[in-house]
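Below, each chain spelled out in residue letters.
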Amino acid sequence: MSIETRDPLQHPEVQLARGRHYVGAYVVSLLLTGGPLWLVVRHLGTPRRLMIVVIASAAALTLVQGYFWLRLDFSRTQRWMTAALVLFIPLVVMTIGLTAWMFATLYARTMIPTLMHAPAFGH
Amino acid sequence: MSQDAHVDSATAVLWDRGGTKHDMIATRTFGFWLYLLSDAMIVSSLFASYLVLGHRVNAAAGPSAGDVVHPIAAFWGTVLLFSAILAYGGAMVGLKRGDRRAVLAGLGGAFVLGAGFLFVEGRDFAELALHGMVPERSGYLSAFYTLVLYHGAHLVFGLLWIAVMMAQVARQGFTANVIYRLLNLKLFWFFQGFVWIYVFSFVYLTGALHVH
Amino acid sequence: MLVDYPGPWTFLLGRLDAREIPLQNPILLWTFVLVSVGAVAVIGAVTYYGSWGYLWREWLTSLDHKRIGVMYCLLGVAMMFRGFIDGVMMRTQQLMAVGPKSPGYMGALHGYLPPYHFGQIYSAHGTIMILFAITPILVGIMNIIVPLQIGARDMAYPYLNAMSFWLTAAATGLVMISLFVGDFSHAGWVGLSPLTELAYSPGVGVDYWSWAVQIGGVGTTLASINIIATIIKMRAPGMSWTRMPIFCWTALSASVVGLSSFPVLTAAVALLSLDRYAGTHFFTPGLGGNLMLYTDLFWIWGHPEVYYVVLPAFGILSEIIPTFSEKPLFGYVTMAAASIAIGGVSWSVWLHHFFTMGAGPGVNAFFSIASMLVGIPTGVKVFNWAFTLYRGRVRFDVPMLWALGALVLLLTGGLTGMMLAMPAINYTVHNSVFVVAHFHNMLNVVGFACFGAINYWFPKVFGFRLDERTGKLAFWFFSAGTVVLFGSMYALGFMGMPRRMDYIPFTSWRPLLMGEEAGILLFLVASYYFVKQLFVSIRDRAKNRVTASDAWGTSRSLEWLTHSPVPFYNFAVQPHINSRDEWAWRREHGLGHVRPDRYEDIHLPDNTPLPVMLGACAFALGFGLVWRMYWLAASGLVGIVVLVIARSFQDGPGHTVPGARIRQMEASYAAAPGEVGAARDPVGGVAAWQTASAPRPRAGDGRPARP
Ligand code: HEM
Ligand SMILES: [Cu+2]
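Chains as they are written, first to last, in the working numbering: chain A, 1 to 123; chain B, 1 to 212; chain C, 1 to 707.
There may be inaccurate statements among the hints.
The list that follows gives simulated cross-link-like pairs (lysine to any residue, SDA-like), each with its CA atoms no further than 25 Å apart [unchecked claim]: (1) C/Lys-233 <-> B/Val-13; (2) B/Lys-96 <-> A/Leu-9; (3) C/Lys-472 <-> C/Ala-491; (4) B/Lys-96 <-> A/Thr-82; (5) B/Lys-96 <-> A/Arg-18; (6) C/Lys-233 <-> A/Thr-82; (7) C/Lys-233 <-> A/Thr-110; (8) B/Lys-96 <-> A/Phe-68; (9) C/Lys-233 <-> A/Ile-55; (10) B/Lys-96 <-> A/Leu-72; (11) C/Lys-233 <-> A/Leu-72; (12) C/Lys-233 <-> B/Asn-177; (13) B/Lys-96 <-> A/Val-93; (14) C/Lys-233 <-> A/Leu-39; (15) C/Lys-472 <-> C/Val-483; (16) C/Lys-233 <-> B/Thr-175; (17) C/Lys-233 <-> B/Val-178.
The set of hints was computed from the structure by calculation and includes no laboratory data.
Bound-form chain A, shown alone (with noise of 0.2 Å):
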């Protein structure tokens, strides 16, 4: 616990707040996410194509609103939480992905697949 006696206002954190990159951000999200959804509901391109587009702006989308929004960089002040969200980001992707992969073709391989042809399952 220490005592604050600088003000607290002038905190380097309060101090990474930018308007305009924050109404940046919102404008490309909003284009990032309303983008995709148009050329989904339309159908415009094989799902294939599409899913390859949602991955890739959500993606944008991640790195439009970690640096503008949530000012994540390797400044003095946040390079520790970068540093966090960086360290983080494999075990994200290894729990949904790996598990993902171990499930794939379980069913295929188990017992299910009797179920599977069965019309109650059909679409």
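Knowing the structure of chain A, use the given hints to seat chains B and C with the ligands on it.
Same frame as chain A, but now just chains B and C with the ligands:
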């Protein structure tokens, strides 16, 4: 012995005076950020469950993603949510100037827009429920509701927190404690935008892809 | 939304009624009598000595990291005892229920425990040992030692620290009360799905298990946040990353693992609870559930969790071995790197707990190779410890004995782990007691390290050493028990004995089962000597008093720079760090006795009852949910929210201890090293217990001044 033989023991500084120099605000926000990352692991687990239970076997002959998601309604929710974040950003710009009215206005805006998001989401879910698409219907629907509502529950909590912070800003002004809480709430609120990117992309847009 | 379950329900008591109190079961009745007598004795003693006020003011409401750490350790040791008794009961049942001719007692067909009761015991044993014994002890040790090793005044968030502890205590309370009110889960510590589903476990047992795990898990997650932030943000000036003690590196790595993996457990168990309470279908066998999804989520946490407990143990070994080899640790950089690497790799191996699920060969090969990769950094550590011992002046004090024992166990446990990591072998021994022997072997590494740590740091916290003779006896009996018990168990595993059996069909296994029983009896003797060690040491504390700050004379890291027992402010003036082994460096350069010439005011947080109250609310929440007393659960939840908000409006200002008072205290330490602290300083808990019953302390007695 020492790997640090280069420090001369005759002149070495042994004690550090002048009180502790730890930055209270930065320590608090960092810890809160760690909490948010741990929360992200819960979200990841829910996404993993959603993926596994997204198989048509898990729809139990009931509705699957294509029947459940309404991407256009979700997009209006997206607009409201991102606007709520922008409003909070406005509060942060006000805080930088020490402008209490601007902070209160920004928080109030975030509150109203966040509540709007919850309203849109709630209406969507009410409609699904009317069509018998409830979480108890199948493994797929269980995963769908849990994932989306986990994000929604965070917004409910965020609204409560915003209300508390409005009271504190009004009553106590900008003390160091109020400021670190405003900063933590900023992280929290903005983080919900992050999570929503993935919910919107991989539940709503991806779900709509499979409508034939 | 809420599901139907069999049985009656009332608004006030939910599912609870008088029949849920198992008076008809003689074992539980006697346990109840025993626990009640114990509780009455403790309450009586506290009342007799008039120590309630002291206990409340100085311990229960304390935000001091050392006190919280001590409370964590006490909780953990007490629960380890409970878990141990569960173990004795299981071993005895398995010995008694061999072959169709074995007699049955007390309602059991064979042995003395009916299957359902046996199931509850092994579930409670595993859950308790991992989550409520070893974890609290390790968190307690990290709590005490990490701030001292980095020269900090306290943890980064003292208030959160107390909250974590009280959440853990609340969860422990839930496990304990399940003995006497209702029953506990019978589905294993892993919560085997779909056995945990409402259809197959309609009672409250699984709910006790899940809410205890849930509340305890939140406590541990918060503790991890605290330790990470403390290490990153609170290091004393001069302590660069390469000067940080290895124990702190392992604490950091373990906490990152804990912070990232515990939430997955929270998610897994929450989804299970949704199935049980809201009727969803995550893990049900029908209607689109996938029971392997539970297993997957559980082990995403489960494997990192085993490293969460083993990493601090590695850190403890890295502190003890150099001290008693009178040499610096060999290979500091590789040791730190290995700690981080182990934490990282431990995140990508979890499928080795369910190779037999039937995933494809690519998947199994990936996880098999990843599991074996963990062996590389672990091997690096083993060699580093060996090279530290090599040509050292090795002393066999009690902590060192435990550390060396841990090294041996690490070898066998690690090698059997490698065997299990090969799918081809795993398919034949999965779910056999070979696995049980492997992980007990590994968790004994942690247990040995904990006992080593308790012996090693005890004088730092309390100002006197633990008795040597009884300590050595405890060590030898414990080691012998480990070899005899788990040696037999490995053999039984090779013979194909499945785990979790309440009845053993083959009489040919009896000799080895007798070996296991003999092992646990040796453990029993060891725990007698451990208790005796504590007793003798407290009785003869004058004899074992530590007069210098460094209890062992050859310690190396910063915690040995300040007095033993540590005063409430840790360091009178924050030390400046000049070396990797700061204390050893000062000692070797003749600076060991240099004290600061000037003292400054110290600012500390005030004690607060809020964390205890939060723990009580969490308990109410859990208990209410278990019994579906929704009013109680809601009150607990509302209580938590209200307390948190109320606290945020208070902003405890803390208090300042003037520099003059610090000077006084430091002077009295210098005048009579050891004496003053041990007799009067409140941190020397046991000794302070006595001062509390004496007349109220006067000024200058080392208690913090209120402004
Ligand atoms: C060299 C490193 C290790 C390897 C390769 C390894 C490998 C394995 C494997 C493959 C299993 C699954 C066996 C089965 O169920 O068929 C297992 C189980 C287990 N291991 Fe290890 N292990 C290692 C280290 C550890 C450590 C350090 C600990 C704890 C401190 C530990 C604790 C456990 C536990 C608790 C279980 C099983 C729990 C259960 O099924 O109930 N292991 N290990
Ligand atoms: Cu494992």
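Hints and how they fare:
no., hint, result
1, C/Lys-233 <-> B/Val-13, "holds, 21 Å"
2, B/Lys-96 <-> A/Leu-9, "holds, 7 Å"
3, C/Lys-472 <-> C/Ala-491, "violated, 28 Å"
4, B/Lys-96 <-> A/Thr-82, "holds, 22 Å"
5, B/Lys-96 <-> A/Arg-18, "holds, 9 Å"
6, C/Lys-233 <-> A/Thr-82, "holds, 15 Å"
7, C/Lys-233 <-> A/Thr-110, "violated, 50 Å"
8, B/Lys-96 <-> A/Phe-68, "holds, 16 Å"
9, C/Lys-233 <-> A/Ile-55, "violated, 36 Å"
10, B/Lys-96 <-> A/Leu-72, "holds, 18 Å"
11, C/Lys-233 <-> A/Leu-72, "holds, 18 Å"
12, C/Lys-233 <-> B/Asn-177, "holds, 18 Å"
13, B/Lys-96 <-> A/Val-93, "violated, 36 Å"
14, C/Lys-233 <-> A/Leu-39, "violated, 47 Å"
15, C/Lys-472 <-> C/Val-483, "holds, 17 Å"
16, C/Lys-233 <-> B/Thr-175, "holds, 22 Å"
17, C/Lys-233 <-> B/Val-178, "holds, 21 Å"
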